[in-house]
Every structure is written in C-alpha cells, then in structure tokens.
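Throughout the sequence shown, residue numbering follows my numbering, covering 16 to 84 in sequence.
Any given hint could turn out to be false.
Unchecked claim - Here are the simulated lysine-lysine pairs, DSSO-like style, with alpha carbons at most 27 Å apart:
1. Lys84 to Lys44
2. Lys84 to Lys62
3. Lys84 to Lys33
4. Lys67 to Lys84
5. Lys27 to Lys67
6. Lys62 to Lys29
7. Lys33 to Lys62
8. Lys62 to Lys44
Stated by the list, open to error - Simulated restraints, written as ranges between beta carbons of each label pair:
9. Glu76 to Gln34: 29 to 39 Å
10. Glu71 to Glu19: 39 to 49 Å
11. Ile79 to Gln24: 33 to 43 Å
Derived by calculation from the structure, the hints in this document are not laboratory data.
We treat Cβ as the ideally placed atom computed from N, Cα and C, and that holds for glycine.
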Amino acid sequence: MDSEEFLKQVEKMKQNFKQSIEQDIREHKQHGLDIFYSENGILIMEKPDGTKYEYEMINDEPVIVREIK
Numbered sequence: 016m017d018s019e020e021f022l023k024q025v026e027k028m029k030q031n032f033k034q035s036i037e038q039d040i041r042e043h044k045q046h047g048l049d050i051f052y053s054e055n056g057i058l059i060m061e062k063p064d065g066t067k068y069e070y071e072m073i074n075d076e077p078v079i080v081r082e083i084k
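Assemble the whole structure, with the sequences as input and the hints as a guide.
The structure is reproduced here in structure tokens:
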C-alpha cells in the first residue's frame, strides 16, 4: 500500500468513527441521557435538549458551575 492509499484509508476510518460517535450521541439524547465531554479544557455536560453547562466533579458527582451559551 502506498502512502496515498494509506491516507485515503485513514480518512475513511476518521469518517466512520465520526459517524459512529454522532449516532451514539443521538441515541443517548433520545434516551434522555446527558452527554459529557471536554471542550478547550472545559468540562461540558450537555443535556438532551442541547443546553450546555460547565461542570466540575465533586465527590464523584458532576456539579454545574455555569450555563454555557
């Protein structure tokens, strides 16, 4: 496999991973579950309705710091 073919395969894998993650997020939201992730070093909790909050973990529980608009 030459480098061009390798790069094509890598791009295809990236697209597949992205689609899979997006599908998982949709399913979580459909089931009413919050989504947790990090954005620019800030911990984010996203509610199923799309509302986003910065949070921090205190005693192993997420505690909302502020709403992110």
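Taking the hints in turn, this is what the structure says about them:
A threshold of 27 Å between alpha carbons decides the hint, and for Lys84 with Lys44 the separation of about 19 Å falls inside it, so the pair holds. Annotation: proposed proximity of Lys84 to Lys62 holds, straight-line Cα distance about 13 Å (limit 27 Å). Between the alpha carbons of Lys84 and Lys33 the distance comes to roughly 24 Å, so the proposed pair stays at or under 27 Å and holds. The straight-line distance between the Cα atoms of Lys67 and Lys84 is roughly 7 Å, inside the 27 Å bound, and the hint therefore holds.
For the given pair, Lys27 sits about 30 Å from Lys67 by alpha-carbon distance, which is inconsistent with the 27 Å threshold. About 26 Å separates the Cα atoms of Lys62 and Lys29, which keeps this hinted pair within 27 Å; it holds. This hinted pair checks out: Lys33 and Lys62 have alpha carbons roughly 20 Å apart, not beyond 27 Å. The straight-line distance between the Cα atoms of Lys62 and Lys44 is roughly 8 Å, inside the 27 Å bound, and the hint therefore holds.
Our hint of 29 to 39 Å for Glu76 and Gln34 holds, since their Cβ atoms are close to 32 Å apart. Range check, Glu71 to Glu19: Cβ separation about 45 Å, and the 39 to 49 Å hint holds. Checking the proposed 33 to 43 Å range against Ile79 and Gln24 shows it holds: the Cβ atoms sit about 42 Å from each other.
Hint 5 from the earlier list is the only one contradicted by this structure; the remaining hints agree with it.
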